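Asks: What follows is each chain in one-letter form.
Protein chains: 2
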Amino acid sequence: MINENFLKLSNNYLFSDIARKVRAYKEQNPDMRVISLGIGDVTQPLPQACIKAMHDAVDEMASAATFRGYGPEQGYEFLRQAIVDNDLRPRGIGIEADEIFISDGAKSDCGNICDILGLDCTLGLTDPVYPVYVDSNVMCGRAGTMTDKGWSRITYFPVSRENGFVPQRPDKHIDIIYLCYPNNPTGTVITTQQLAEWVEYARREGSIILYDAAYEAYIRHEEIPHSIYEIDGAQEVAIEFHSYSKTAGFTGVRCGYTIVPKALCFTASDGKTSVSLHSLWNRRQCTKFNGTSYITQRAAEAIYTAEGKEQVRNTIDYYMDNAAYMHAHLSALGYEVYGGTDAPYIWLRTPHGIGSWGFFERLLHELSLVTTPGVGFGPSGEGYVRLTAFGNHEDCREAMERFARL
Amino acid sequence: MINENFLKLSNNYLFSDIARKVRAYKEQNPDMRVISLGIGDVTQPLPQACIKAMHDAVDEMASAATFRGYGPEQGYEFLRQAIVDNDLRPRGIGIEADEIFISDGAKSDCGNICDILGLDCTLGLTDPVYPVYVDSNVMCGRAGTMTDKGWSRITYFPVSRENGFVPQRPDKHIDIIYLCYPNNPTGTVITTQQLAEWVEYARREGSIILYDAAYEAYIRHEEIPHSIYEIDGAQEVAIEFHSYSKTAGFTGVRCGYTIVPKALCFTASDGKTSVSLHSLWNRRQCTKFNGTSYITQRAAEAIYTAEGKEQVRNTIDYYMDNAAYMHAHLSALGYEVYGGTDAPYIWLRTPHGIGSWGFFERLLHELSLVTTPGVGFGPSGEGYVRLTAFGNHEDCREAMERFARL
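Order-wise, the sequence lines are chains A and B.
When you read off a place in the first sequence, starting at 1, and then add 1479, the result is the number in my numbering.
When you read off a place in the second sequence, starting at 1, and then add 1479, the result is the number in my numbering.
Derived from the structure by calculation, the hints contain no laboratory data.
There's no promise every hint is true.
To be verified - Estimated spans, in silico, between C-beta atoms of each pair:
| hint | chain 1 | residue 1 | chain 2 | residue 2 | range |
| --- | --- | --- | --- | --- | --- |
| 1 | B | Thr1752 | A | Val1645 | 40 to 48 angstroms |
| 2 | A | Thr1752 | B | Ser1631 | 17 to 25 angstroms |
| 3 | A | Ala1544 | B | Glu1506 | 23 to 31 angstroms |
Said to hold, decoys possible - Which chain A residues stay away from chain B? Per the calculated CB distances, all over 10 angstroms, these:
| hint | residue |
| --- | --- |
| 4 | Asp1496 |
| 5 | Met1511 |
| 6 | Asp1564 |
| 7 | Asn1565 |
| 8 | Thr1634 |
| 9 | His1700 |
| 10 | Asp1711 |
| 11 | Glu1786 |
| 12 | Glu1815 |
| 13 | Ile1833 |
| 14 | Trp1836 |
| 15 | Val1854 |
All values derive from a computational prediction rather than experimental measurement.
Beta carbons are placed, not taken as given, at the ideal position from N, Cα and C, and that holds for glycine.
Build the full structure now, drawing on both the sequences and the hints.
Replies: Here it is as structure tokens:
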């Protein structure tokens, strides 16, 4: 017998639908140069510090004296310690190296974290939202059944211009809450005060927050938190996912990390026994994962060198120039524009009440521009499209010139 | 709430128990040189063809013109096609490139395959067995509860000297059957005729065989099958796992592949609807995985070049020299020795009816040799220890000299 929960999933995946439409357009219009502001993939090369580290690591694998076989499932100490020293301690976060699990990317761990949580947990997440949170829970049966209000066991927190993109905390108990800041897809951020209120909710309710910080490197404003652990008490209620994909262009080499604090416990079904999620996740990883490539981990370590930091900053500045340019240009054209100040995404309100897909089609067919329809991330994304800042400057500028022609 | 199935798992993991004992011995005997014939990790460097391919791929990542971001979740076409052309077509296997999913290693996929199968499936596996098959099913609740005969929903097929290490097909229906050949831990192989009988059973019963071929590169005898798909009709009943870890020393760089044929269907709970496992696994991978490192995939592709093939063959010959030396030497000392002719493992019967752990302790304390107690792989492994051929020649020879002193 199969896992029938899979049959509840729609056959279509947002980005494959878009790819199909773009392919058809290109076939019909072979002379048009299509510019993509669609999928969130980086375009600039890896930092030179990472390139050098990888060449060195490859050479180590060429000699028996320095060859590395199986590494620790949890990741190498050199990388876990570099994370503590650079990402955590300077922000006053007291997470230790053995609470960090190196992954092959945040997408894997955001999905796989489902393994250690009870199937009867209730879920809460923003609408719109990154589809992996929903689909991975549908697959294991935790999301319930699809109704006209969405999945029966998911509580949605709509975010839109009407509430300033600030999700409202629920007035009932929810076991597991997904939060992603800076947000994909809206490009908006959360303040320390707002985040503290979620931590307070989770502590009061005995809930767990799954905090996706994949875009934290794009934060420009001093007062915006980079990690949920900047909030007192968060170590007892939160798991946090990090990614080097957008930070340092690792989408093709695959590395990220997940923090599961030792202080984080969840109750067993008797409502009393408290179980360490750290030990459960460790057991999960030791059984179903064999560590991330040594070469990739050496590249990640190099991000934290002085040269690496400067090179990463330059690439992020490059993308954030695009974001600022799009924000200014589209605003000047009279569009309502959100995000893009502390995130590589612009969340653009469609003009004249056009639907997301309608505006997507106009941009594709009239301007040869690819975007992502907001409604693809959830019903509250209707009336928006997402633009990414990950292209090169020339394409970004030309895309904005085309917008002026609409 | 947590996933309470995790609480059913033993807190101890075989290889961590061993590591703890070895650490204690080393602390008490700092002057003794300990030789490990224990954990199955390779020691020889990567093939030069792979080293060169990785340097080239790293350089591609250093320039925007050749940079690669997200790759296909299923793996790059260049590698999938190389597998078809080299591993499959020459053996008469009609699997196509789009039925192959590149992974970050067989361990991940052996565990993750659980996601697409129904929780009420019954399981069958050999005893002794690779622990991942059992533990990943315990975690999702499919294994049932622990009894004095093992997990309540698992049927065990004992293999030992008494039945020539040939598992007996069950006389009842089982939904999912794990087979691993060349076998870990016993180092024994399966003949085409024996494998055909399992395929016939699965076709008759509507069962699925999960076939772990991680060690197929070690097969020396012409008549031993390298893939279950060498058997007619297997594409309709089998998923097969491959790994480059032992084939080409990829334990530290992480790559393997999984074949899910399009012809493979499983019934839904109505007992009638037939569902393609290929489309379920594809959906699982697109949602919870983001592909294997581009650099690693280029290394894997290089295994299939003329130089790569020769270098891989040389390394495997190197390890198999160890296996042959151990087999001959231990046999001459009067031990009962199994495996090691088409696999990098020797399955040694303990002398005088000593238990696995007892013999392990003697070898550690009297000879400073590390082995793996057979009983750690299951009750029928009692009275055996596993030796691996993955060390260097000098260590292997010295280990055998020490055996002569026992």
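Asks: Evaluate each hint against the coordinates.
Replies: Hints versus structure:
no.	hint	verdict
1	B/Thr1752 - A/Val1645: 40 to 48 angstroms	holds (44 angstroms)
2	A/Thr1752 - B/Ser1631: 17 to 25 angstroms	holds (23 angstroms)
3	A/Ala1544 - B/Glu1506: 23 to 31 angstroms	holds (25 angstroms)
4	Asp1496	holds (13 angstroms)
5	Met1511	holds (22 angstroms)
6	Asp1564	holds (24 angstroms)
7	Asn1565	holds (22 angstroms)
8	Thr1634	holds (16 angstroms)
9	His1700	holds (27 angstroms)
10	Asp1711	holds (24 angstroms)
11	Glu1786	holds (14 angstroms)
12	Glu1815	holds (30 angstroms)
13	Ile1833	holds (29 angstroms)
14	Trp1836	holds (21 angstroms)
15	Val1854	holds (19 angstroms)
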